[in-house]
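Q: Residues per chain, in single letters:
There are 2 protein chains.
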Amino acid sequence: MLLRHQHSIDTALRATLDRVASGSEVSALDAYYGQMRYHLGWVDSQLNPTNSNPGKLLRPTLLLLAYEAAGAWGLTDNTEASDTSYLQRALPAAVSVELTHNFTLIHDDIEDGDTERRHRPTMWTLWGVPQAINTGDGMFGLARFALWGVLENGVEGDIAARLGAVLDRTVLEIAEGQYLDISFERRGDISVSMYIDMIGRKTAALMRCSAEMGAMIGTRDTGTIERLGTFGQAIGVAFQVRDDLLGVWASAEELGKTRAGDVYRRKKSLPILHALEHANPRDLQTLQDIYQQEAEIKEEQVEQVLAIFERTRTRAYCQSFLQQHCDAAYEALNAVPHVSSTVSTRALGDMRAMVQFIEAAAH
Amino acid sequence: MLLRHQHSIDTALRATLDRVASGSEVSALDAYYGQMRYHLGWVDSQLNPTNSNPGKLLRPTLLLLAYEAAGAWGLTDNTEASDTSYLQRALPAAVSVELTHNFTLIHDDIEDGDTERRHRPTMWTLWGVPQAINTGDGMFGLARFALWGVLENGVEGDIAARLGAVLDRTVLEIAEGQYLDISFERRGDISVSMYIDMIGRKTAALMRCSAEMGAMIGTRDTGTIERLGTFGQAIGVAFQVRDDLLGVWASAEELGKTRAGDVYRRKKSLPILHALEHANPRDLQTLQDIYQQEAEIKEEQVEQVLAIFERTRTRAYCQSFLQQHCDAAYEALNAVPHVSSTVSTRALGDMRAMVQFIEAAAH
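Chains A and B are the protein sequences, given in the same order.
Residues 1 to 363 (the UniProt record's numbering) make up the first sequence, in order.
Residues 1 to 363 (the UniProt record's numbering) make up the second sequence, in order.
No lab work stands behind these hints: they were computed from the structure.
This structure is a prediction, so every number in the text was calculated from the model and none was measured.
Please note: incorrect hints may appear among the correct ones.
[Stated by the list, open to error] Calculated cross-link-like contacts (lysine to aspartate or glutamate; reagent style DMTMM-like; alpha-carbon spacing at most 25 Å):
| no. | chain 1 | residue 1 | chain 2 | residue 2 |
| --- | --- | --- | --- | --- |
| 1 | B | Lys268 | A | Asp30 |
| 2 | B | Lys56 | B | Asp112 |
| 3 | A | Lys268 | A | Asp289 |
| 4 | A | Lys298 | A | Glu310 |
| 5 | A | Lys268 | B | Asp30 |
| 6 | A | Lys267 | A | Glu116 |
[Stated by the list, open to error] Chain A residues, not near chain B, derived (Cβ > 10 Å throughout):
| no. | residue |
| --- | --- |
| 7 | Pro49 |
| 8 | Ser82 |
| 9 | Arg89 |
| 10 | Glu116 |
| 11 | Gly154 |
| 12 | Leu246 |
| 13 | Arg282 |
| 14 | Asp289 |
| 15 | Ala295 |
| 16 | Lys298 |
| 17 | Phe321 |
| 18 | Gln324 |
| 19 | Ser341 |
| 20 | Thr345 |
| 21 | Gly349 |
Where is the CB? At the ideal position from N, CA and C, for every residue including glycine.
Generate coordinates for the entire structure from the input sequences, incorporating the hints supplied.
A: Set out below in structure tokens:
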């Protein structure tokens, strides 16, 4: 379901990089844009072409689906199903949200000290922290610059300016979320509601922004834009909580995750925060001891934590939380004013399928 | 000359921060926006109000002067001289370029490992690298977000979108310049022309952008916009070369700089790059030995370097290079189509005074 737009997005992304990189006559900058291409999985660390995992392109796909659902543009009953030229109008924005997402990943990897992403060395481990900070900044600049391609593709100036404003507000929100996330690592008093607020900013905001921007390019109807934005926010939160659930209860087969991997890593995700709020005094002490000990966590301690999660009914809580957000997502989709076009209907169907995919983790 | 707009800019900057910081209901974020306020010199490291050096506000001042020179907006012959309400139209853009500049400083300090800026500890030394990277990103987001205030102040959507595009292209250019600057540190083969290209991006681009944005808000006449942009680029380069000159030949009284400070620091600025290209073989060897030695540079070695600069006529070269750019700046100002208003005439006069100030270093 998510594959339909991947080729268009990938082509537009590469064209965006090619345009700025070749626009520069300074050959010394080849290596600079090479770092961006490396991060995007197109070249290896020697800057030779390769095909590594390009990521899910989830945000730009969501943007294009929202654009289609909202009515797309320039489509007639006679448009051939194979004719995707109507996507041009929205593609610069799709490129923009994907580059925005990737700029945050480059900086997150430095901030978290992560040495690997998608099974490859992170940018800072190859080129050092100074260059990686700066190349991240450049990708942020490029993300913003790419957006203005919408002006060449028929989007009116006032809408383009509002797209910029939505994206910028979102980046500010993502940085707020990352501030909270970093500061939570040092604190022992994080509540469930603080965590939900944090993931709303750090993770869900860009999903909401993507859906909202796509809708804004497809229609001027504020009701449609708002509902698709609500949809994006809801699946953004749901997506993160699904990750949190799988981080504790996924079997090894599912998504290649280790069973209870997040417990081994003592990650402060939803399950542990819920358990800390609902454990009896004795279990609470056990959890605190295990999560604060200097030594690495042992397998028997992981079993202890999982047993406490049973007593606090943490898994059921997370599943029901996930289900609520999936329900909110369905509700938002159902409330999108009907546009009579096969493209819109198909896009709404694809978005429902996205929710179903996420929802599966609730069962 | 540069003081006239400082109060308006300072007020608008503080209002921008206040709006986003108070818009957030999460009190945990107070410390986050506190880091931004610290960097801007408004609070101390405990986040208590203070009045430290706020910086020169050069770029926003340039933006407002270009706006005035290009004809400002809504001014009539009856406008009182004390009525500065016409500035509102351009102030969000002025805030935007100042925050953009400051975001680059926050990241530069990390990348260069600098522990002090304006006689205070840099952000990363107080809050750590991860938070400082992220707060820099947030300030970048805020810089972009602030720009959209122009839409509320009467600027048309299509112009606002083009302002965004100019700013984004510029950020990309600044990051390119910083990439080159960082990579130059490790290389021994930097030519004068590579250096000029680098400062054009790293330093001059945002000055050109500021002048161009101001002009775009004041007029739709492309000739005026282009000429004011050229002015900004020219004084941007001149400003950096002035710094390079003072870094070597300033007396202790001038600007509080140490005599030959840049030689002590072995900074790869214009003088040394010029000397390396024009020294005789023996002097070249001496320069290379001194600039590559592990040990700290001694006073007598500094004298040796200065003597070589004499023989290569490096100071005269830098002065003439500076003068050329000042001449280009005057020429651009003279070519700005005449707008018959006292505000425009005054602004052009202020800009000429800026050039004279920079030019003084050429004599």
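Q: Among the hints numbered above, which are violated by the structure, and what are their numbers in rising order?
A: Nothing - there is no hint that the structure violates, so all of them hold.
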